[in-house]
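S.K.: With the sequences and hints as input, model every part of the structure.
Listed below, chain by chain, are the residues.
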Amino acid sequence: MRFYEYESRRIVERAGIPVTKYGFCTTADEARAAAESIGGSVVIKSQVLTGGRMKAGGVKLADTPDEAAEHAAAILELEIGGHMPVGVLVDPKAEVEQEYYAAVLWDGRAKRPMMLFSDMGGIDIEQVAAEHPDHVGRAHLSNLHPIADFKAKEAVARCGMTGSELTRATMILARLARLQRDYDMTLAEINPVARLTDGSFVALDAHMEMEDEAVGRHRKMLAEIGVGLSEPREMYEPSEFERNVKAIDAADHRGVIQGKDHGFTGNIGLVIGAGGGSLTLTDAVRSQGGKPANYAEIGGNPSVAKSRGLAKEVLEKDGVEKIAVMMSIVSNTRVDIVARGVIKACLELGRDPAETIAIFRIPGAWEDEGYKILDKYGVEYVDRSVSMWEAAGMAVRKVQG
Amino acid sequence: MSVLLHPDFTFIVQGITGREAVNLTRECLDFGSKIVAGVTPGRKGREVHGVPVFDTVEQAVAHHGAPIDGAVATVPPAFTKDAVMEAIENGIKLIVVVTERIPRRDVAEMVELAGERGARIIGPNCLGLIAPGVAKMGGIGGPAKDAAKAYVAGSVGVMSRSGGMTTEISSTLTAAGLGVSTAISIGGDAIIGSTYAELMPLFEEDPQTEAIVIYTEPGGRMEAELVEWREQAGSTMPIVAFMAGRFMDDEEMQGMSFGHAGTIVEGKEDSATEKIARLEAAGIPVVERIDEIPDRVKEALGR
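Protein chains in written order, with this note's numbering: chain C, 1 to 401; chain V, 1001 to 1303.
No wet-lab data here; the hints were simulated from the structure.
Just so you know, even glycine gets a beta-carbon here, dropped at the ideal spot from N, CA and C.
It is possible that part of the hints are untrue.
As the list claims (entries may be wrong) - Derived DSS-like pairs: lysine-lysine, alpha-carbon spacing no greater than 27 Å straight-line:
no.	chain 1	residue 1	chain 2	residue 2
1	C	K291	C	K398
2	C	K322	C	K291
3	C	K246	C	K344
4	V	K1145	C	K372
5	V	K1093	V	K1044
6	C	K372	V	K1149
Unchecked claim - Which stretches of chain V does chain C cover? Using the computed rule of at least three CB atoms under 8 Å from a CB of chain C, they are:
no.	region
7	1094-1106
8	1110-1124
9	1160-1171
10	1288-1294
M.R.: This is the structure in structure tokens:
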């Protein structure tokens, strides 16, 4: 789950990491009030879940409260990368002496969280790591033991820092590490951490991502920072196809179906599964010159209604000529149930299953029962002796005529 | 011989009274596996296909009267970490975690504890492992008669991030007369108990295994780890890789996630193209079709 900048700010603040005074506003009047309360020049930032805000004109400097209101009014109406902002963040124009980088993220290879700290903040950390490796300090954390401050201190010291700066930065990094663990963040990043002219350290911009699987156990914290769990937080707006497939899946607990068509514009409808099989089959269709209209995953043991629902949604997509029904060898999914579902979808749409289903290749559990049904409707099918690649090729050739 | 399993290997099923666990128990027993007990809190005294059910792993071990070799954990995600830790703390050395959608922190905690206790975790989000003619541990291959059809004993070890594709690949090896020594569904998540590199030494020591086939996807650094292990260990056992999800490299697919939780590309190094280049540079051929695998394995073995 991704967070807006203002939400990340609230999360960081709750964890005891100092931040500057700020305001989250949804109207120009609120922005004026926030600017008055903060005092001095302020920055107005669009709150969207997409990058490129600065370039799009979603970040503006204001010297007076009236100017803040004016900019906020404009930014609240400005669409960025297809997203309307949920509000604006009003921040003081901070007097920064130096910028630092702090992050805690998973190191999949070490299977532990890793702390990262750099005294070259505000810029892309990957670039710093490549060009100035001695300015990036790292330290791994144990998953089992409490997070010790000295680990954070080691990471900070490893990028060459000392003095009171070391102790202040250590406190921020240690708290960030606890936040990452306590709230199941896949990424907890503050860039930049700033040392202001008065010597204090504050988090100027934070970026948080919570693991989707863990959202359920943080409902209380999310409610406290004002996050509604029903809001979509996708990188892009789900299509009608994607929404419909999701609704069909949610209506029945047996088995799982998923469908995506973002980025797909072809004419071969894919009714495929399971996870690895779907990736393999999508590649196989494309590598043989086919143009998939969608991606799909059938998993577990879905009902006839669910298989029918997926096939129907795929068939009703614009430009879909035929569907290919394919999976790797199944042991849980029942071949006969999927066969019945896809045939039902064709019949309900007034289409001949023999013409509409380019190929059926699902070997495995209950295959003989499935083949009987397919025979009855004249649908072409193949068993495990025909590879996934070959089956995909048969489908491509049929659609291309 | 086989990897991890042997004819006298004993195991328990945690969460044995759940619907899928009941099926899995039937399948494993039919395949010849030795399931000595099941554990579901509050269900002590029941039986599942003749297997006695207990409230705790401690009771299961006491009933068996000897150390138990393994556990299959099929409990809901919120309770999996505790179940796995219970198995580890009761002396169980091999735990297959079937459950999917477990938060990464929980996985990391149980994997670290397993490391400290000399235990091994396979998964999570996996179908387990199978040694044809010996035993199967988990739902891998499905009902015993289906599993026997796809998996025939032979010389190739299989490791796969996809449970379903483990069976597809093994069936292809079986049809080509090569057969399978042990096939392991290692799980598709971002953090898993046992990676390719961590399992390779076992296959290396197994006299039955002559070559390895891996199924992989974009996301993660497991292939880089495998390549490094191979160089450090000076291993010459032939490996053939199959990479799925090449289409995710396309520009219009950027930022999208498909399939497993681990299949989220976090940087250029994670992409299919980069992984293929890295594997091939290390002398590990990467095929585009599953049906090419047997010939590549035979070539590598000089047959």
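S.K.: Against each hint, give a clear statement of whether it holds in the structure.
M.R.: Consistency of the hints with the structure:
1. For the hint linking C/K291 to C/K398, the alpha-carbon distance of about 12 Å falls within 27 Å, and the restraint holds.
2. Between C/K322 and C/K291, the direct Cα distance comes to roughly 11 Å. Compliance with the 27 Å bound is thereby established for this hinted pair.
3. Taken as a hint, the C/K246 and C/K344 pair is honoured in the structure, with Cα atoms around 20 Å apart against an allowance of 27 Å.
4. Restraint check for V/K1145 and C/K372: satisfied, since their Cα atoms lie roughly 20 Å apart, inside the 27 Å limit.
5. Taking the CA atoms of V/K1093 and V/K1044, the gap is near 23 Å; set against the 27 Å cutoff, the hint holds.
6. As the CA atoms of C/K372 and V/K1149 are separated by approximately 21 Å, the hinted pair is consistent with the 27 Å bound.
7. For a cut-off of 8 Å, the count of residues in the region 1094-1106 of chain V with a CB near a CB of chain C stands at 5, and the three-residue condition holds.
8. Check result for the region 1110-1124 of chain V against chain C: holds, 4 residues qualifying (beta carbon to beta carbon below 8 Å, three or more required).
9. With 9 residues having a beta carbon nearer than 8 Å to a beta carbon of chain C, the region 1160-1171 of chain V meets the requirement of three or more and the stated coverage holds.
10. For the region 1288-1294 of chain V, the stated coverage by chain C holds: 4 residues have a C-beta nearer than 8 Å to a C-beta of that chain, and at least 3 were required.
Of the numbered hints given earlier, the model fails none.
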